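**Student:** Please arrange chain D on chain A, whose structure you already have, making use of the hints.
These are the residues of each chain, in order.
2 protein chains.
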Amino acid sequence: MCAQLVAIDIVHELTTLLSSERVSVTTADRSLHAVDQSAHTPHMPDIVLWPETTAEVSNILKLANQQRLPVTAWGAGTSIEGNPIPVRGGLLLNMQRMSQILAVHENDFQVTVQPGLYYKDMNRMLAQYGLFFPPDPGANASIGGMLANNAAGIRTVKYGATRENVLALEVVLANGQIIRTGSRSVKQSSGYDLTHLIVGSEGTLGIITEATLKLYPIPAFFSAATAVFPTVQEAAQVVYEIIGSGLEPNALELLDETAVAIINTDPSINLVPGPNLFMEFSSASENSLGETMAQVQAICEESDCLNFGAGIGQDARKKLWEARHRLFEIHLHHFPGEDFLLADVSVPISQYPTLAKATAQHIADLGLKGSIISHAGDGNLHTAVFFPHSDTRSRDCANQLNKRLVELALALGGTSTGEHGVGIGKAKYMAQEHGPALEVMRQIKRALDPNGILNPGKIFPE
Amino acid sequence: MCAQLVAIDIVHELTTLLSSERVSVTTADRSLHAVDQSAHTPHMPDIVLWPETTAEVSNILKLANQQRLPVTAWGAGTSIEGNPIPVRGGLLLNMQRMSQILAVHENDFQVTVQPGLYYKDMNRMLAQYGLFFPPDPGANASIGGMLANNAAGIRTVKYGATRENVLALEVVLANGQIIRTGSRSVKQSSGYDLTHLIVGSEGTLGIITEATLKLYPIPAFFSAATAVFPTVQEAAQVVYEIIGSGLEPNALELLDETAVAIINTDPSINLVPGPNLFMEFSSASENSLGETMAQVQAICEESDCLNFGAGIGQDARKKLWEARHRLFEIHLHHFPGEDFLLADVSVPISQYPTLAKATAQHIADLGLKGSIISHAGDGNLHTAVFFPHSDTRSRDCANQLNKRLVELALALGGTSTGEHGVGIGKAKYMAQEHGPALEVMRQIKRALDPNGILNPGKIFPE
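In order, the protein sequence lines correspond to chains A and D. Numbering follows this note's numbering, in which position 78 of the first sequence is assigned residue number 78; successive positions increment by one, without gaps. Numbering follows this note's numbering, in which position 178 of the second sequence is assigned residue number 178; successive positions increment by one, without gaps.
Same shape as in the complex, but just chain A (with noise of 0.2 Å):
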């Protein structure tokens, strides 16, 4: 689509459909939205729209749908693999106006909300009714973008990811039709599962535009540790040590030597180095989580742990997690200016040994500056490596790691991507991770938007 020559026509029709200063044409809020948290090539929509009800949403794509208009929506711009980036430019919804608590189920454990709403604020808002949404993938993104991306975080281990998270759902599809999908039955078995087919696929299937997630009690206590290891992967065998103990874990992330590093330049941090098992767990009972927290120690120290720290409690908690939600920020500071490159793949537990080493063993080779960050407790295993932008060969080097631990992951039983998404980045390992499954997911694109309007460019490989 060409900006210039269709924008006088559609804004006009868009202004009728929403008030004139919520559809913008300006570069400034175009390139606002041209580009998530990651370090894709930017690419500009057309126009930005923020719709405020469902019935704009389904005007606009009803509009949309009759002129072939590309349509991507947009949460917190937090995604870390371009999937919100409007590649094809068209029509960007930006769903922050759409942010509401529609209703706090309290007895049931649920929420109802607007997909525009960030989680932490949610939570935060939540506390006071002593419940919590866990799926916490770290930067405060959106509801519909967790939801589109089936973003999962620290806390998976325990209470699984968005997915499992989330109950009924309000979507417009492609043609501006709204459905509803699920109920607030916690048990369903009632015809197809439109739910979970809708949340993990990125916008390219309907626009969310309401849902309904799962809560839980904010248990009465938690307690935080760490523990150190001569080498990730004694680290590693701890992990299902753990949880095959049944102690369930709310989070076990694991950072390298590398990670620790650089976390500890940050002058509030203070790690002993060393690969890191990052630790929380949470009772209704003290007593009961003072013997969990005897029998992880015993663990820990049965495998040359080299180092066990551990604090009941908020603070310690809270102290835990502030430093891993701020790794990735305190990385860019450590590589001021550079490009990235996060990988995102995930494997059965078991393997996660086999893959974290091969992991090392790549960056070494492939003489990468960067570090191991690891949801643990899932098999679920990020590395960040940085170059500077000129540096080509750095960046091939960056590439050629992502494939091969691709590679690894699916030979190893894994998938491409656990948490991130398949987005631009992913597409091209599509065919070979699914095989003739791709071609059902594109009879499925194709029945639900035989136009392709929805969010094109992003899963299936071009």
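Any given hint might turn out to be false.
The list makes no distinction among identical chains, and a pair is therefore deemed to hold if it is satisfied within one copy or across any two copies.
[What the hints assert, rightly or not] Simulated pairs of lysine to aspartate or glutamate, DMTMM-like, Cα-Cα distance not exceeding 20 Å:
| hint | residue 1 | residue 2 |
| --- | --- | --- |
| 1 | Lys120 | Glu439 |
| 2 | Lys369 | Asp391 |
| 3 | Lys214 | Glu241 |
| 4 | Lys62 | Glu439 |
| 5 | Lys403 | Glu462 |
| 6 | Lys318 | Glu462 |
| 7 | Lys357 | Glu241 |
| 8 | Lys158 | Glu248 |
| 9 | Lys214 | Glu248 |
| 10 | Lys369 | Asp266 |
| 11 | Lys369 | Glu338 |
Think of the hints as simulated: they come from the structure by calculation, not from any bench. Just so you know, these numbers come straight off a predicted model, no measurement behind them.
**Tutor:** Then chain D, alone, in the frame of chain A:
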């Protein structure tokens, strides 16, 4: 399809695909596959097949698709909504010869199995690894049937239904194409979630030939408890107090006083009369389990519990669930030779007291004989209503009860079926429950099975 006219050619062709002893047109074999455990009208398939490999399933489907023959898969025949009744005749695939455990991924808490395996047999074998698959529908269902219907049962409140506990599938599509969905990574964000689309699709989108399931460590310590309350409503009130306290029961079942009176007619069972709450808790530590049980007892006693009985250990637990699992069988003995209708609606738990009260009233108003049996922790309510085969008035009233319960469940934000699936009996409610989303389900059905050969007559109203 008229068996007499087409069977000779087709049977001949099928015997070239399978050895001839695995192709049957005898009335004995056909009538063994004419009805599940429901009271729906039986219908015989034309030909019964026992495939042994995925390739055989694929070849059968290629032929069936070419010849437009209906194909229905059959697991253990324990479903109760007519889900595998071959209402259009055609080919019936009995999956019992595909019942291997293909791999125990012990360190990943996963198992890969064929669909004909019965889950109790699987769990018996997995016990040697200290692992189990939690969904427990009571009857010894096949894994394929549990996946197809998204079976749930008593442990869903803690572990989720079958859907939540499957990672990857091998599926044969209507055209014979074999696909693999998902991966063995617990985190997956790689394209459309075909795994969860196939689960619960009741054999209408493809035939499952392999599944990788999530397992859990068998907890070290169990405690079972029963609590008796003056009314169903008071018992239901306790349910979300227990869940809200973060105590995480494994199971939380509610039986009304009629169900308890009927189950007490069995000489080996001696429950305190009145509405009973059956509960199970577990822990890795005996002390912490003791604390939990003290908290549970306190909650029950604050809520006018008439009697509280708890027993720690496997024996108490076994006794409780034997009674619960024999409930249906004892009902059948209590109403010998009678027909029955099992309702299966599910609502948000806050709405369960309303649903339970109204259900009791409807049963009385309609002059029906029957009990309320409920997975209360999930808001999932069953009624078991019995009537003589010739009693048309009671049959009409039973259907009326079913209709009223579905309408009430939908009005309360719930679903027409929590765990039995749509099958035959719930198809008429699909438009009401799903509105325009039902057309999306039809679009997916048409895309994946354009000739409509897979389990026709199910899910979609006609």
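**Student:** Evaluate each hint against the coordinates.
**Tutor:** Hints, one by one, checked against the model:
1. With identical chains, the CA atoms of Lys120 and Glu439 are never at most 20 Å apart, being 37 Å at best within one copy and 36 Å at best between copies.
2. In this assembly of identical chains, Lys369 and Asp391 lie within 20 Å of each other by CA distance solely inside one copy; the values are 12 Å within and 79 Å between copies.
3. Taking the closest pair of Cα atoms, Lys214 and Glu241 come within 20 Å of each other only across two copies (17 Å); inside a single copy the shortest separation is 29 Å, beyond that limit.
4. Proximity of Lys62 and Glu439 under a CA criterion of 20 Å is satisfied inter-copy only: 18 Å between copies versus 27 Å inside one chain copy.
5. Only within a single protomer do Lys403 and Glu462 lie at most 20 Å apart by alpha-carbon distance; the minimum there is 18 Å, versus 49 Å between protomers.
6. In this assembly of identical chains, Lys318 and Glu462 lie within 20 Å of each other by CA distance neither inside one copy nor across copies; the values are 44 Å within and 56 Å between.
7. In this homomeric assembly, Lys357 and Glu241 come within 20 Å of each other (Cα to Cα) only inside a single copy, at 19 Å, whereas the closest approach across copies is 47 Å.
8. When the C-alpha separation of Lys158 and Glu248 is checked against a cutoff of 20 Å, the pair qualifies both within a copy, at 6 Å, and between copies, at 13 Å.
9. In the homo-oligomer, the alpha carbons of Lys214 and Glu248 lie at most 20 Å apart both inside one protomer (19 Å) and across protomers (15 Å), since each shortest distance falls under that limit.
10. Taking the shortest Cα distances, Lys369 and Asp266 sit within 20 Å of each other inside one copy (18 Å), while across copies they are farther apart (71 Å).
11. Taking identical chains as interchangeable, the C-alpha atoms of Lys369 and Glu338 lie at most 20 Å apart only when both belong to the same chain, with a minimum of 11 Å there against 74 Å between chains.
Hint compliance for this structure: hints 1 and 6 are not met, and every other hint is.
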